[in-house]
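> Given next are the chains, with one letter for each unit.
2 protein chains.
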Amino acid sequence: MKTFEDINQVIKDEMANINWNKKPQGLYDPIAYVLKMGGKRIRPALTLMACNMYSENVQNAVQSAIGLEVFHNFTLLHDDIMDRADVRRGQPTVHKKWDDNTAILSGDAMQIAAYQFIAKTPIENLKRTLDLFSQTALEICEGQQYDVEFENRMKVESDEYLEMIRLKTAVLLGAALQIGAWIGGATDKDAQLLYDFGINIGLAFQLKDDLLDVYGDEATFGKKIGGDILCNKKTYLLIHALEIAKGDNSKELQKWLSISDEKLSNNKIQSVTALFNKLGVKQICEDKMQYFYNMAIAKLDKVSVSEHKKQELRKIAEKLMFRLD
Amino acid sequence: MKTFEDINQVIKDEMANINWNKKPQGLYDPIAYVLKMGGKRIRPALTLMACNMYSENVQNAVQSAIGLEVFHNFTLLHDDIMDRADVRRGQPTVHKKWDDNTAILSGDAMQIAAYQFIAKTPIENLKRTLDLFSQTALEICEGQQYDVEFENRMKVESDEYLEMIRLKTAVLLGAALQIGAWIGGATDKDAQLLYDFGINIGLAFQLKDDLLDVYGDEATFGKKIGGDILCNKKTYLLIHALEIAKGDNSKELQKWLSISDEKLSNNKIQSVTALFNKLGVKQICEDKMQYFYNMAIAKLDKVSVSEHKKQELRKIAEKLMFRLD
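Chains as they are written, first to last, in this note's numbering: chain A, 1 to 325; chain B, 1001 to 1325.
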């Protein structure tokens, strides 16, 4: 069994070997730039770990794994244009460093490049891997579209929110695991259990992210605390706060939602956090997170390999509950 | 043998059957809108015609054919954002009717949808079709990048221009034919000859397009005459004019290139056209177009099927020399 560190090294080596030094440079340089920014490479790691539960030969899955990572980074590139985000991982985003058109076109090329890696999946698994990859990629677009639409909607139900984060975040973790399992030689049943494990871990993680934005430690979190509060992002916390708040609490929450004055930023963060505490939505979010985490572990428990082979995935599930990029 | 009209009907029927009425509508409506705008469906027609040279069962190739058409329309969608084009086929472009973000995201989804159709290629031809499709898609991105870069460059060589139009336009025609031939059961040699036929027809067509922009009939051409002249587009005509013009001719050409005053639009078109005539670049362009057309026909001649089976492709080659969308 390979450790998470071993597997990360395999991915790092393989990604360093990709030649993006192609012409026209104006198309390929931004791709190399985005992929050099780093990130935890969680998705390809999940693919290789799932493969490794059934096979010692993780090299069989490495091209598909990289396809998923290239696709993930493509979504970040295009999302950053749509969100007008200037910085990613401490560096200027592609549309800031170059321009919007470059970011659009290089992103398009990156999506094709992702498919080129997926096409290197061993032939006996190519068709179903390709189909799951396309389905997942479309779902991610759907999730992004819902995310954008929710920003402009007055009311979002908590189930709608969970469906949005399932699409935007969880399905790629599920697909990464299922594809790795297939390539390793898992039964359809095990591959499905690992997909479900990924979905539930993804949902738990995203709720953790909502919590960290409010209650996290800035240094560990890596982002400014309260960012979601400042932009009125309809997180699981805010959705429940809006549902629960009555009378004065409701009035105060609505008041802060209508304030976008930068001078009042700290006040807004503190006051909304205080309201969240008063309304008990932190606990609601933590409970739901724990529910999904437990679901994930229950799925993993049912996978028909020895406990020893599940260890690394259990460890990463715990890690994921802290941070994921 | 099916006629071009038969084949167009097959494509039309199949495209009308695609269900884009999916949620979220904000993601799928723009895709349906773009595909309903129409167009001549030349690329999928080439796929089915090439298939039909070897097999009566063109249904085997229809999903792959639609994948190429969906991809082509995706490139138009994203190109229109980059070019800030407000109108396409007489209707507002997606980023005008909706907004830039919608156009980016729906385009991304459309590219994935194209791959979903390609994935329906009969399994024995899936891998090589997928690989040729991805290679072609990347080449089209490269062509678009060169096109953008040439706008900001003082000097473009005619060979660079030909390579750009090969990438941006010709390779998709070649791939459409080669994929259809493969699915129909052609030998590798025939499939390659048909690819080469497509490349040469594509190059000839693009030079025809350059000529029509200056010397065409507005009603038939479907666009305003002189558009390329007004935006100083480095077409095959302008590239050669810049190379040939000396003394006063050069000064006059440079003068008009520096003028962007809308009130002088008609003067600019007339004067630059007069210079093109004086410098003989129309003839140079027509000769090159004829060269590629002859090359295309020479490739088709070598294809090892009976003359009868080449008839429809010969006809479309002639048609293509007039208009293509």
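Honestly, the hints are just simulated from the structure, not real lab data.
Any given hint might turn out to be false.
What the hints assert, rightly or not - Below, computed lysine to any residue pairings styled on SDA-like, alpha-carbon distance capped at 25 angstroms:
id, chain 1, residue 1, chain 2, residue 2
1, A, K309, A, T3
2, B, K1023, A, F150
3, B, K1023, A, T102
4, A, K120, B, N1060
5, A, K23, B, E1149
6, B, K1288, B, E1151
7, A, K127, B, Q1116
8, B, K1002, B, K1282
9, B, K1223, B, I1284
10, A, K96, B, Q1135
11, B, K1096, A, D29
12, A, K127, B, E1124
13, A, K22, B, D1159
14, A, K36, B, E1124
15, A, K127, B, K1223
16, A, K97, A, F150
17, A, K96, B, M1082
18, A, K23, B, R1128
19, A, K233, B, D1099
20, A, K127, B, K1288
21, A, K127, B, S1134
22, A, K23, B, D1147
23, B, K1097, A, N17
24, B, K1282, B, Q1192
25, B, K1022, A, N21
26, A, K96, B, T1102
27, B, K1096, B, I1225
28, A, K299, A, K23
29, B, K1096, A, T102
30, A, K22, B, K1127
31, B, K1096, A, K309
32, B, K1022, A, R128
33, A, K233, B, K1023
34, A, K315, A, K96
35, A, K23, B, K1023
36, A, K96, B, E1151
37, B, K1097, A, M82
38, B, K1022, B, E1005
39, A, K246, A, K309
> All the hints need checking, so say for each whether the structure fits it.
Structure-based check of each hint:
| no. | hint | result |
| --- | --- | --- |
| 1 | K309(A) with T3(A) | holds, 10 angstroms |
| 2 | K1023(B) with F150(A) | holds, 14 angstroms |
| 3 | K1023(B) with T102(A) | violated, 29 angstroms |
| 4 | K120(A) with N1060(B) | holds, 24 angstroms |
| 5 | K23(A) with E1149(B) | holds, 12 angstroms |
| 6 | K1288(B) with E1151(B) | holds, 22 angstroms |
| 7 | K127(A) with Q1116(B) | holds, 11 angstroms |
| 8 | K1002(B) with K1282(B) | violated, 37 angstroms |
| 9 | K1223(B) with I1284(B) | holds, 23 angstroms |
| 10 | K96(A) with Q1135(B) | violated, 28 angstroms |
| 11 | K1096(B) with D29(A) | violated, 30 angstroms |
| 12 | K127(A) with E1124(B) | holds, 11 angstroms |
| 13 | K22(A) with D1159(B) | holds, 19 angstroms |
| 14 | K36(A) with E1124(B) | violated, 37 angstroms |
| 15 | K127(A) with K1223(B) | violated, 43 angstroms |
| 16 | K97(A) with F150(A) | violated, 29 angstroms |
| 17 | K96(A) with M1082(B) | holds, 16 angstroms |
| 18 | K23(A) with R1128(B) | holds, 24 angstroms |
| 19 | K233(A) with D1099(B) | holds, 21 angstroms |
| 20 | K127(A) with K1288(B) | violated, 43 angstroms |
| 21 | K127(A) with S1134(B) | holds, 15 angstroms |
| 22 | K23(A) with D1147(B) | holds, 13 angstroms |
| 23 | K1097(B) with N17(A) | violated, 43 angstroms |
| 24 | K1282(B) with Q1192(B) | violated, 32 angstroms |
| 25 | K1022(B) with N21(A) | violated, 39 angstroms |
| 26 | K96(A) with T1102(B) | holds, 20 angstroms |
| 27 | K1096(B) with I1225(B) | holds, 24 angstroms |
| 28 | K299(A) with K23(A) | violated, 46 angstroms |
| 29 | K1096(B) with T102(A) | holds, 20 angstroms |
| 30 | K22(A) with K1127(B) | holds, 24 angstroms |
| 31 | K1096(B) with K309(A) | violated, 54 angstroms |
| 32 | K1022(B) with R128(A) | holds, 23 angstroms |
| 33 | K233(A) with K1023(B) | holds, 22 angstroms |
| 34 | K315(A) with K96(A) | violated, 37 angstroms |
| 35 | K23(A) with K1023(B) | violated, 38 angstroms |
| 36 | K96(A) with E1151(B) | holds, 21 angstroms |
| 37 | K1097(B) with M82(A) | holds, 17 angstroms |
| 38 | K1022(B) with E1005(B) | violated, 31 angstroms |
| 39 | K246(A) with K309(A) | violated, 50 angstroms |
Consistency with the previously given hints fails for numbers 3, 8, 10, 11, 14, 15, 16, 20, 23, 24, 25, 28, 31, 34, 35, 38, 39, ordered from lowest to highest.
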